[in-house]
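Enquirer: Join these two chains into a complex; the hints should help.
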Amino acid sequence: MDEIDLLREQASRARRLVVDMAASGVGCHLGGSLSVVDILVAAYAVARSEPGTEVVLSKGHAAAALYAVLHEVGVIEENPAPRYGRAGSPYTGHPGPKVPGVRFPTGSLGHGLAYAVGWALSRRLLNRPGGAIAVVGDGELQEGLVWEALQVAQAKRVGGLTVVVDLNGGQNDGYVSDISPLTDLPARLAAFGFEVAEVDGHDIEKLVRTMAPTDRPLAVLATTVKGKGVPATEGKAGSHYVKISPARARQWKAAIR
Amino acid sequence: MTATVSAREAYRLELTELAADDPRIVCLEADLGGPKHCFQDRFPDRFLNLGIAEASAVDIAVGLASAGLRPFVSTFATFAAFRAGESVKLGLGYLGAPVVLVSPYGGVSGAWFGPTHHCLEDLAVMQSLPGVRIAVPAGEAETREAIRAAADGDWPCYVRLGRNEVFDASFAPAGRGAVTWLNPMGGDTCVVSIGEKPTALCQAATEQQPDLGHAHLCWVDEESLTLALPQLADARRLVVVEEHRAAGSVASTLALLLPDREVLSVNAGADWPAEGGNHDETLAALGLTTSAVLSAVLKGK
Numbered sequence: 001m002d003e004i005d006l007l008r009e010q011a012s013r014a015r016r017l018v019v020d021m022a023a024s025g026v027g028c029h030l031g032g033s034l035s036v037v038d039i040l041v042a043a044y045a046v047a048r049s050e051p052g053t054e055v056v057l058s059k060g061h062a063a064a065a066l067y068a069v070l071h072e073v074g075v076i077e078e079n080p081a082p083r084y085g086r087a088g089s090p091y092t093g094h095p096g097p098k099v100p101g102v103r104f105p106t107g108s109l110g111h112g113l114a115y116a117v118g119w120a121l122s123r124r125l126l127n128r129p130g131g132a133i134a135v136v137g138d139g140e141l142q143e144g145l146v147w148e149a150l151q152v153a154q155a156k157r158v159g160g161l162t163v164v165v166d167l168n169g170g171q172n173d174g175y176v177s178d179i180s181p182l183t184d185l186p187a188r189l190a191a192f193g194f195e196v197a198e199v200d201g202h203d204i205e206k207l208v209r210t211m212a213p214t215d216r217p218l219a220v221l222a223t224t225v226k227g228k229g230v231p232a233t234e235g236k237a238g239s240h241y242v243k244i245s246p247a248r249a250r251q252w253k254a255a256i257r
Numbered sequence: 001m002t003a004t005v006s007a008r009e010a011y012r013l014e015l016t017e018l019a020a021d022d023p024r025i026v027c028l029e030a031d032l033g034g035p036k037h038c039f040q041d042r043f044p045d046r047f048l049n050l051g052i053a054e055a056s057a058v059d060i061a062v063g064l065a066s067a068g069l070r071p072f073v074s075t076f077a078t079f080a081a082f083r084a085g086e087s088v089k090l091g092l093g094y095l096g097a098p099v100v101l102v103s104p105y106g107g108v109s110g111a112w113f114g115p116t117h118h119c120l121e122d123l124a125v126m127q128s129l130p131g132v133r134i135a136v137p138a139g140e141a142e143t144r145e146a147i148r149a150a151a152d153g154d155w156p157c158y159v160r161l162g163r164n165e166v167f168d169a170s171f172a173p174a175g176r177g178a179v180t181w182l183n184p185m186g187g188d189t190c191v192v193s194i195g196e197k198p199t200a201l202c203q204a205a206t207e208q209q210p211d212l213g214h215a216h217l218c219w220v221d222e223e224s225l226t227l228a229l230p231q232l233a234d235a236r237r238l239v240v241v242e243e244h245r246a247a248g249s250v251a252s253t254l255a256l257l258l259p260d261r262e263v264l265s266v267n268a269g270a271d272w273p274a275e276g277g278n279h280d281e282t283l284a285a286l287g288l289t290t291s292a293v294l295s296a297v298l299k300g301k
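So the protein sequences, as listed, match chains A and B.
Here the first sequence stands for residues 1 to 257, numbered as in my numbering.
Here the second sequence stands for residues 1 to 301, numbered as in my numbering.
The set of hints was computed from the structure by calculation and includes no laboratory data.
Source: prediction; values computed, not measured.
Possibly wrong hints are sitting among the right ones.
As the list claims (entries may be wrong) - Derived BS3-like pairs: lysine-lysine, alpha-carbon spacing no greater than 27 angstroms straight-line:
(1) A:K98 to A:K243
(2) A:K206 to A:K236
(3) A:K253 to A:K206
(4) A:K253 to A:K243
(5) A:K156 to B:K89
(6) A:K253 to A:K236
(7) A:K156 to B:K36
(8) B:K89 to A:K98
For reference, chain B alone in the conformation it holds in the complex (with noise of 0.2 angstroms):
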């Protein structure tokens, strides 16, 4: 299970694997895709590179769905978001199309370069188109199950990416409905982590403190929450983990979808890191760290 790759090559190697089976499957990129793309070279016809086009890319791709192919449009999560916002809420939400977004520099993963290319409001955007379904895989493992699952059904879905860092998850990836418990509940609390990084800091937590539970789950829209809840049921208190702001997180929809549990949120907060830096060093500046993990599970009891 450990990565090799990282969740944006491991995108594109599953997703040229998929195609060979799989006749319906094209592949949209927006610039952003790389000069060498392994889709490319194996399938040319059904790879097309766009050009910076991105709410164009979305709405050419509900076209070619509408038509009955399975359309895969890779962009940064700040793009798909916003630069193509309304393209996505038309023809994922509204029209419910079945596009798959596949969007890498989620959260402060793009580090140096800057509020230009980071996204900590992405998944407020998706949560509020209703039958969207969204994935933040966290490894090459589960990022491939993610893509699976997209390719699979016939549903639009939102699967958001870091940048190019090799996330080594030694763990079974979560697949819709699941929880993939990292460390087992000794109390009545546990933190439930979303995406590479925060997986990693709730980690670190639970090795300074063992009797944590670690839920960690990869599909995180609101009907995707709801089917994983019952094996969430022993937690009292959960402590959600994400590289978002508060605002449309993960932790907004469960506290609404749980309003007899205490749930708390440790997450990017409101500033605009623009300062150098890697993905670590712009994820403390912003106090995402084990320690805020930990203050947050000590808060309250």
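Bound-form chain A, shown alone (with noise of 0.2 angstroms):
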């Protein structure tokens, strides 16, 4: 089985401990966190071949996808589906620095990624090797707080940063199409300095191609499927927040390959 074989195995897996927190009793953000499963597995791939670089879950609202994925790269040596959400745990519905492997608190959007651009600036202040990636939602660019970082990024020509963008078209709402569409993406972040590539945000070989940080601000364009993995989920914006039976938990995870 080669490397990329082996993180698919790790996505699924991770989607199985996700199906199990939201039949926490509290539920979780299912749907961006399924969505956004194949791009922390690749991106904790890249983290790994090149040191110093830190993962930046700034939709930190899937945090079930951050714990589920922690664990299986061994960050999180205890299943933390058992306890997500319940008392005397580290695993809120937002992560927070209590959580072995998170260094900074998201879930309030948009600062993930200014606080991304810091540690890749660190970088080069520091004279050390590494650079940071920023995981966002589509629905996250909403924020005014995420183009202020990206200006400041190309004005400060910080290298070793890449932004992913999770294009699962949902959010709490209802999808990012009728809400606020996010017209010309592309060209927009072209426009702020960033090298831009689009991606199919479920082809962890691609992604882990793509997202390697370079010495220019670098855009990846994720498309994915909100509620991947689980057919009664997928493409239903309905399923940004669930909260589900343990019997209901066993069927969605059988499902998923």
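Expert: Right, dumping it as structure tokens:
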């Protein structure tokens, strides 16, 4: 089995953990977690091969995916699903620094990208290797702070910065295209000085090949399916936040390939 | 100890001197540091003017601090407390990243610039964030001391400054947890001054009433105030004078810390001063005057 196959297996196992977290009693942001799993698996694979590279999940509501992937890559030793959302557990609905492998608090949208810009800048100031991979949501791009941070990244020529946009098309109240559409996104990011790549956000091999930080700021537009992997949730805006029974979780996990 | 430069300029000079020996120090501006910045001249690689992007500036500073650097971010008090408020809450409060915010235009030092450039609420915001240390220095020496203390430590800090006026402070800087007595207590009452103009008002008040003690403080977050309390043990009545609203004021924090003492507040009140005039005139319009200090001292006696 080659490395990409191993990563695909990691992603499948992580998806099952995400479904377990949806059955935790408090539920989770299932749709956006399942859409971003492959991106996170690829990002951590790239970070492993580029020492000093920090992955920042700016769309922090996909915490379930982050915890699942951090468990699969060995950073979180215990299975986080049984304790997700429980008293005394660090696995809150949005990630914070008490979680192993999480450096920045995210979930209030827009901040994660700016933290990543700071981290990437630190590599230059400290003359150390590495960079930052920020994973943002498409709905998150409606936040002004995102565009402030992109402007600074351009103005200060921040190298070693990759911004991956999880284009799953959904947000809390419905579809991005209905609420505040993202017109000409590739051109807009290119105008901010970013090299722009468009990929299938579920093709781990292409994601790994595309998202390694370069000397120039890089934007990876990753087209994904909200709720990916579970037929009952795929492409449905209503999968944004889901709470299910353990029996339903067993059914949904069995359908994950 | 006499000042020759404004606190704002003292910050720039002190930080530049500190950076010579501390390679962790990074100076961030958000288009309000002026076109000629001494730090930029000496350490261009560690000076970043990020443009008019205050929230990003604080988040980026948090990213730098998390990598082991010591970022100082300067923007006006109102932009630090409100425009970048959530970034401050999450980065300096929740995460506890050792970022230092240095904010001129505190209080109504912006005077004729109007309420968009005033900030009579910043201490309330910062005081509500556990772990953030707050300094309100008066004059060059105390500002330099506060910047040195902020650079030495490993904590998030907020340093509130005035605008460009030079404040002639002929007294020893009050360090963290320390009180500088500008007039000894002759009775059971002392005024407590925070910042430049309130210190001047209290000095004028004690000239008229020499038995009135005058305790000057620089570090005013709850933890720092707690350290200073033993030095205020002889005061039964404390009249706190500050360029801030009553809510979230240093007086309110001291009142909670000293439930058995009488803590009175002379503050900037509830108005939004939207008229021209210099700093003193704006304060007078708000009722923050020497006579207001003396009236408060007499109240309840």
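Enquirer: Under the criterion that the straight-line Cα-Cα distance not exceed 27 angstroms, is the pair A:K253, A:K236 satisfied?
Expert: Cα-Cα ~18 angstroms, so holds.
Enquirer: Sort out whether A:K98 lies within 27 angstroms of B:K89, counting only the CA atoms.
Expert: 17 angstroms, holds
Enquirer: Would the pair A:K253 and A:K243 pass a check requiring their Cα atoms to be no farther apart than 27 angstroms?
Expert: Holds, at about 14 angstroms.
Enquirer: Assess, step by step, whether the Cα of A:K156 is no farther than 27 angstroms from the Cα of B:K36, and give holds or violated.
Expert: Holds, at roughly 19 angstroms.
Enquirer: For A:K206 and A:K236, compute the direct alpha-carbon distance and say whether it is at most 27 angstroms.
Expert: 25 angstroms, holds
Enquirer: Measure nothing beyond the straight line between the CA atoms of A:K98 and A:K243; if it is 27 angstroms or shorter, mark the hint as holding.
Expert: 24 angstroms, holds
Enquirer: Just to be careful, I want the Cα atoms of A:K253 and A:K206 compared with a cutoff of 27 angstroms; is the pair within it?
Expert: Holds. A:K253 to A:K206 sits at ~25 angstroms (cutoff 27 angstroms).
Enquirer: Does A:K156 pair with B:K89 here, judged by a C-alpha cut-off of 27 angstroms?
Expert: With Cα atoms ~25 angstroms apart, A:K156 and B:K89 stay inside 27 angstroms; holds.
Consistency note: the structure conflicts with none of the earlier hints.
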